[in-house]
Amino acid sequence: MADDFRSMINVDRIIHEPARLIIVAILYAVESADFLYLLRETGLTKGNLSSHLSRLEDAGYVDIEKTFHGKVPRTICHLTDSGRAAFDDYRAQLKRAINTMPEEGRAEEGSTLEG
Amino acid sequence: MMKNDIDKVIQRTHRYWYEDGLNEIATGCMFVGCGLLLFMMYSVPPGSLLAPILAIGFVILVAFGGLAVSRAVKAVKNHVTYPRTGYVSYRRPGSNRRRRLIVAGLGITLGMLCIVLSKVHALAWLVSMPMVEGLIVGGMLLYLGYRLGLTRFYVLAFLSALIGVVVALNGFDDALGSAGYFGGMGLVVTASGLFTLRTYLSQSQPPVEE
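Each protein sequence line maps, in turn, to chains Z and A. When we follow our numbering, the leftmost residue of the first sequence carries the number 1, and every step to the right adds one. When we follow our numbering, the leftmost residue of the second sequence carries the number 1001, and every step to the right adds one.
Incorrect hints may appear among the rest.
Under the rule of at most 35 Å between Cα atoms (straight-line distance), these lysine-lysine pairs were calculated in the DSBU-like manner [to be verified]: (1) Z:71 to Z:46; (2) A:1074 to Z:66; (3) A:1074 to A:1008; (4) Z:95 to A:1008.
Hints were generated in silico from the structure; no laboratory data involved. For clarity, every value in this text was computed on a predicted model and none was experimentally measured.
Extracted from the complex, chain Z is given alone in its bound form (with noise of 0.2 Å):
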């Protein structure tokens, strides 16, 4: 128990990030995505959003294409395979912490593990 607790503490900060986790949830369920809907979202703001979407593009965690639709431009982003896979690893390591809860603060805190 006590060792699914600790593996809280290791857990990937990049995606840990409230911001950048949105995105990654984001891009998670779908091929691809584009700024502006990621933009709308998260609520972030463009220079926010731009920076968070810097970090993960550093980290290997994200492409980001630029491209053209007619003559509007369009920056999509895509979640690599190790993207991918750090985010199943953070939600498994999530789980894995919330079920070792015990049962009266599972309905509070199981749902809250706050970032």
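Dock chain A against the given chain Z, drawing on the hints supplied.
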């Protein structure tokens, strides 16, 4: 960040495909097309040259309708949805064993239910085509509504079953009953899509040139 929130983010992302109602409009139109073709097949006199042409048309519509709907929806989304609220490309559904088992289980259960009900004379009307179609489409809508967290799909599922029951109770011939079911359900789904599209357009801003 909460674990449940992660699931909600993923669910919301899947739901985006249905947010503008375009998929419902296209699917509804396909249903109406199916209904019209079935009605024409029922109406043409036996031995007419039109009968095999309509039959081939129906098979083509059933076989390639889903693909055509998907392509048409993507093309319209490129002009209407993506410039407003962003572009998303979805992953092709993989071979999920659990999902296949659920679908197979539901199919077998429904098949067995039909066999049992057909043996009970007083309930034999339940096994009519429109009833089965209403339940199958309703079941699919129910599953989608649950998976995506979309309340309007629960309403559509109920309406699908209701239309199936009403048409079955009228005691139409199977072909005419199916035509009635698909025509009616097609109009309902299209209306739901149009209402959703209107809401989406009123809530989302057109792109602004920078």
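Each hint, compared with the structure:
A distance of roughly 21 Å separates the Cα atoms of residue 71 of chain Z and residue 46 of chain Z; the hinted pair therefore holds under the 35 Å criterion. At roughly 20 Å between alpha-carbon atoms, residue 1074 of chain A and residue 66 of chain Z fall within 35 Å of each other, so this suggested pair holds. A threshold of 35 Å between alpha carbons decides the hint, and for residue 1074 of chain A with residue 1008 of chain A the separation of about 24 Å falls inside it, so the pair holds. Straight-line distance between C-alpha atoms of residue 95 of chain Z and residue 1008 of chain A comes to about 15 Å, which keeps the hinted pair within the 35 Å bound.
In this structure, none of the earlier numbered hints is contradicted; all agree with it.
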